[in-house]
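Here's the letter readout for the chains.
Number of protein chains: 2
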Amino acid sequence: MSGASMLALNAFDPDGAAALDPVERALVERRAAVFGGAVPLFYDRPLNIVRAEGVWLYDHENRRYLDAYNNVPVVGHCHPHVVQAIATQAARLNTHTRYLSEVVIGYAERLLATFPAPLARVLFTTTGTEGIDLALRLSRVRTGRSGVIVTRFAYHGHSVAAAEITPAFGSGVGLGAHVRTVAAPVAGARPEDVGPAFARAVAQAIADLERQGTPLGALVLDSVLSSDGLFVDPPGYLAEAVAQARAAGGLFVADEVQPGFGRTGAGMWGFTRHGLVPDIVVMGKPMGNGMPIGAVVTHADILADFAARTGYFNTFGGNTVSCAAAAAVLDVIEGEGLIASAQKVGAHLKAGFTQLQAGLPCIGAVRGAGLYVAVDLVQRDDPAAPDTALARRLINGLRERQILISTCGPAGNVLKIRPPLPFSTANADQLLQATGELLAGSA
Amino acid sequence: MSGASMLALNAFDPDGAAALDPVERALVERRAAVFGGAVPLFYDRPLNIVRAEGVWLYDHENRRYLDAYNNVPVVGHCHPHVVQAIATQAARLNTHTRYLSEVVIGYAERLLATFPAPLARVLFTTTGTEGIDLALRLSRVRTGRSGVIVTRFAYHGHSVAAAEITPAFGSGVGLGAHVRTVAAPVAGARPEDVGPAFARAVAQAIADLERQGTPLGALVLDSVLSSDGLFVDPPGYLAEAVAQARAAGGLFVADEVQPGFGRTGAGMWGFTRHGLVPDIVVMGKPMGNGMPIGAVVTHADILADFAARTGYFNTFGGNTVSCAAAAAVLDVIEGEGLIASAQKVGAHLKAGFTQLQAGLPCIGAVRGAGLYVAVDLVQRDDPAAPDTALARRLINGLRERQILISTCGPAGNVLKIRPPLPFSTANADQLLQATGELLAGSA
Chain A
1 MSGASMLALN AFDPDGAAAL DPVERALVER RAAVFGGAVP LFYDRPLNIV
51 RAEGVWLYDH ENRRYLDAYN NVPVVGHCHP HVVQAIATQA ARLNTHTRYL
101 SEVVIGYAER LLATFPAPLA RVLFTTTGTE GIDLALRLSR VRTGRSGVIV
151 TRFAYHGHSV AAAEITPAFG SGVGLGAHVR TVAAPVAGAR PEDVGPAFAR
201 AVAQAIADLE RQGTPLGALV LDSVLSSDGL FVDPPGYLAE AVAQARAAGG
251 LFVADEVQPG FGRTGAGMWG FTRHGLVPDI VVMGKPMGNG MPIGAVVTHA
301 DILADFAART GYFNTFGGNT VSCAAAAAVL DVIEGEGLIA SAQKVGAHLK
351 AGFTQLQAGL PCIGAVRGAG LYVAVDLVQR DDPAAPDTAL ARRLINGLRE
401 RQILISTCGP AGNVLKIRPP LPFSTANADQ LLQATGELLA GSA
Chain B
1 MSGASMLALN AFDPDGAAAL DPVERALVER RAAVFGGAVP LFYDRPLNIV
51 RAEGVWLYDH ENRRYLDAYN NVPVVGHCHP HVVQAIATQA ARLNTHTRYL
101 SEVVIGYAER LLATFPAPLA RVLFTTTGTE GIDLALRLSR VRTGRSGVIV
151 TRFAYHGHSV AAAEITPAFG SGVGLGAHVR TVAAPVAGAR PEDVGPAFAR
201 AVAQAIADLE RQGTPLGALV LDSVLSSDGL FVDPPGYLAE AVAQARAAGG
251 LFVADEVQPG FGRTGAGMWG FTRHGLVPDI VVMGKPMGNG MPIGAVVTHA
301 DILADFAART GYFNTFGGNT VSCAAAAAVL DVIEGEGLIA SAQKVGAHLK
351 AGFTQLQAGL PCIGAVRGAG LYVAVDLVQR DDPAAPDTAL ARRLINGLRE
401 RQILISTCGP AGNVLKIRPP LPFSTANADQ LLQATGELLA GSA
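For the record, the sequence lines run as chains A and B.
Numbering follows our numbering, with no gaps: position 69 of the first sequence is 69.
Numbering follows our numbering, with no gaps: position 223 of the second sequence is 223.
Simulated from the structure, these hints should not be mistaken for laboratory data.
This structure is a prediction, so every number in the text was calculated from the model and none was measured.
This list has only true hints and no planted wrong ones.
Chain A regions said to be covered by chain B (calculated; three or more residues, Cβ under 8 Å):
(1) 35-49
(2) 96-108
(3) 128-139
(4) 154-161
(5) 291-301
(6) 309-315
Don't be surprised by glycine CBs; every beta carbon is placed ideally from N, CA and C.
Let the sequences and hints guide you as you build the complete structure.
In C-alpha cells, the structure reads:
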C-alpha cells in the first residue's frame with residue numbers, strides 16, 4: 001500500500017458489516033447514510049464508544065478498551081479538572097476575542113511562558129489545520145515567498161493550503177507546485193548519518209525550488225515526523241537542515257500538533273529535543289483535551305509584518321470556554337507531572353518493545369520519544385520489506401483484546417502508539433504482553 | 001474608509017487607552033503584549049466581559065449590556081439547556097468521528113432533516129472557515145474548475161483559500177486570480193430591477209473568468225449579503241444569477257454562516273427565502289451556540305466524487321461535545337419557537353427604524369430579514385454619501401448606553417443589528433429609543 005492515503009490506514013471496510021453485532025451494524029449503516037463513506041472509521045470491527053475515563057474507552061456493552069492511540073485527550077479522557085473548567089465557563093460566558101477577557105489573556109500569557117523568549121506572540125485558532133494555514137499566511141507575508149519544504153509522507157492539515165503541503169493524502173490530492181518533499185530518515189541508519197542526509201535532502205529541495213522560481217519561504221516540520229513513521233533520533237538531527245533553510249531565506253515552522261504539550265517527555269515542545277527555536281510554532285489537538293483550540297506562536301516582528309498588512313480574527317479561536325479548558329490542561333500537565341511520566345513510561349514501553357524484538361524477526365525497528373512509540377513490522381525473511389498485512393492483523397487483533405493503537409508511515413506497517421499521558425507502566429505492560437502474544441502467534 | 005478592511009470596522013484605537021479605567025487599561029496592555037495588535041478589539045472603550053445570560057453581557061463592575069450584535073449565541077448566551085448538554089457530554093465522552101457514536105450520527109440525521117431532499121450528506125468541520133475551504137475542495141473535484149464568483153465586499157473566512165475569495169479583507173490581502181466579484185444590489189433600487197442587475201453582473205463575471213481560462217466552478221453567496229451591508233429583498237432576487245451560474249457549469253455554494261439556524265425568521269436557512277436549493281451549503285457560527293462546530297451539507301453524488309478521490313477527517317469536526325451542544329441548539333430553536341420570534345421581533349425592529357427614518361435624514365435606508373437588520377447612515381445633505389463617522393459615533397454612543405451593535409458594509413456606515421434570537425420586543429424598543437435619541441442629538 002505504499003503511496004496510499006493516510007486516510008485509508010486502519011480503516012473499516014464496509015464489506016465487513018455482516019460481522020458486526022446489531023447495534024454496531026445499525027450505526028454503521030446510519031453513518032454511511034449521513035457521511036456517504038467519505039469519513040474513515042477505525043478497525044475491521046468498528047467501535048461504538050459511549051463513555052471514557054482516563055486511558056479507558058467504553059462501548060455500549062460496557063466493554064472497556066485501553067486507549068494507546070488518542071493524543072487529543074492528553075491529560076486523560078474526561079479529566080475531572082478539565083470537565084469542571086468547561087462546565088463552569090460554559091455556564092458563565094463563551095464569547096470571542098473582540099472583548100477583553102482575563103480568561104483568554106491570562107491563558108495566552110501562561111502559554112507564551114512555556115516558550116523561549118523570541119516566541120512572544122500568539123494568535124488563537126480553532127484547529128491545528130487553521131494554525132498551519134495561518135502559519136503559511138504569516139510566512140508568505142514575512143518572506144514574500146511561497147516555496148515550502150515538507151517531509152515525504154507529512155500530514156499538516158486538510159484545508160486547501162494545508163492539503164497542498166500534505167503528501168500523506170496520497171495521489172488523490174495534488175501537492176502545490178510550490179512544494180517539495182524530502183525523505184524521512186532511513187530506519188536503522190547510523191545516528192551520525194541522519195542529520196547530514198536530511199540536510200542534503202533539504203539543500204537539494206531548496207535548490208530545486210529556486211530553479212523553479214518559487215524560492216523557499218518555509219521549512220515546515222513536525223519535529224517527530226509522526227506521519228512519516230516517527231523519526232526522533234538522534235536528538236538534534238533536524239538542526240543542520242533548519243540552518244540551511246534559514247540561510248536560504250526561509251522560516252522554520254514547527255508543527256507541534258503531534259509532539260506538543262509534553263508528549264515527547266523532553267519538555268513541552270518537540271523542537272527543544274533538537275536544540276531549535278522555530279520562527280513559527282503551530283499547535284492544536286491536545287491543547288484543550290478535546291475542546292477545539294489551536295494556536296500559532298511567533299516572533300513579535302513576524303506578527304507585526306502581518307498586522308501591518310491585515311489582522312486576524314477567528315470566531316471560535318480563543319473562545320472563553322476553550323481557553324478555560326486549555327488552562328486546566330496546563331494545570332494538570334504540571335500538577336500531575338505528566339511530562340516526567342511520559343518520559344518514564346515511554347522509556348519502559350520502548351524497552352519492552354526492544355525486548356520483544358529480540359525474539360520476533362517481524363519487528364524491524366523500535367523508535368520513540370516519551371509516550372510516542374513506533375514499531376516497524378517487516379517481512380521475516382526480508383527486514384527491509386514492510387509487512388502491512390501483519391500490521392493490520394495486529395491492530396485488529398489488539399482491538400479484539402480491547403487495546404487500541406493504529407498504524408502510520410507510508411506503507412502502513414508502523415505501529416503507532418500514542419496514548420493519553422496518564423498511561424501507566426501497568427498499561428504499557430498490558431499492551432506489551434498482548435502484542436508479544438499476538439505477534440508470536442502470527443510469526 | 002471605502003476599501004478598508006472589515007477588520008478595522010468598529011475597532012478600538014490603542015491611542016485611546018488613557019480614557020480607560022485601570023482594570024480595562026491593564027487588560028488592554030496585557031492583551032497587546034500577547035496578541036501584538038493583530039487581533040481587533042471592539043469600541044473606543046473596549047468591554048471587559050466576565051459573564052453573560054440570554055441577551056445580556058456583564059462587565060467586571062456588573063454593568064449589564066444589551067447584546068444586539070452576537071449571532072453565535074443564537075439561542076441566548078449560556079442557555080441552560082445547551083450548558084447542561086455540554087457539561088454532561090464533556091463528563092461522559094469527547095472524541096472524534098472515527099468511532100461510531102449515537103450522539104454524532106443522531107445529530108447528523110436531525111440536521112439533514114432540516115434540508116430539502118437532494119441535500120442528504122454532511123461533513124462536520126470545526127469552523128465556518130473550514131466549511132468554506134472544504135466546499136471549495138468539493139467544488140473543484142466535482143467541476144474540475146477553480147473559478148469563483150463572490151460579492152464585492154463578501155467575507156467567507158480566513159484560511160488561505162477562504163481569504164482568496166474574501167474581498168472584505170481589503171487591499172492588504174490579494175484576491176485569487178481565479179476570483180471575480182460582483183456588486184451587491186444598490187440601496188433604494190426598484191425591487192424588480194434587483195435580480196436582473198445582479199444576474200447581469202454574474203453573467204459578466206462568468207464571461208470574464210472564461211476569457212481568462214479559469215471558468216466558473218462555484219458561485220459562493222451569503223444569501224443575506226451580510227458583509228456587503230445586508231441585501232435581502234426582494235426574496236428570490238438571487239435565483240436568476242444562480243441559474244446562470246449553473247448553466248455555465250458552476251455550482252451554487254450557499255454560505256449560511258450568517259443567515260442559517262433561523263436568523264432570517266423565514267425558516268432554518270437563508271436560501272429558502274430565494275426559493276433556491278444549493279449544491280453545497282456551509283454553516284458555522286450559531287450551530288453550537290459557541291461550541292466550535294461547522295458543517296458542509298451537499299448532494300450524495302458531489303460527496304461521492306470527493307470520496308472517490310480522497311476522504312475527509314477533521315480531528316475536532318463533529319466531536320461528541322460539539323454535536324451534543326448542536327443538538328441542544330436545535331431543541332431550543334424548536335422548543336422556544338425562535339424562528340417565529342425572529343420573524344416577529346425582526347419585523348417590529350425594522351418597522352421601528354423605518355419610523356425613525358421619517359424624522360431623521362441621516363437614516364438613508366432600512367433593510368432586514370428576521371433578526372438581522374441593517375440601517376444605512378448617510379450625510380444629511382447627500383443621501384447617497386455614507387456617513388461613516390456618524391456610524392462610529394453612534395455605535396460608541398450606544399455602547400456608553402450599554403447597548404451593543406456594530407457596523408458593516410464597505411464604507412462602514414451600515415448599522416449591523418444581529419442579536420441572539422431570544423431578543424424580545426422590549427429589547428428592540430430599548431435599542432430603538434436609544435438610537436433615536438442619539439441620532440436626534442447628532443443630527
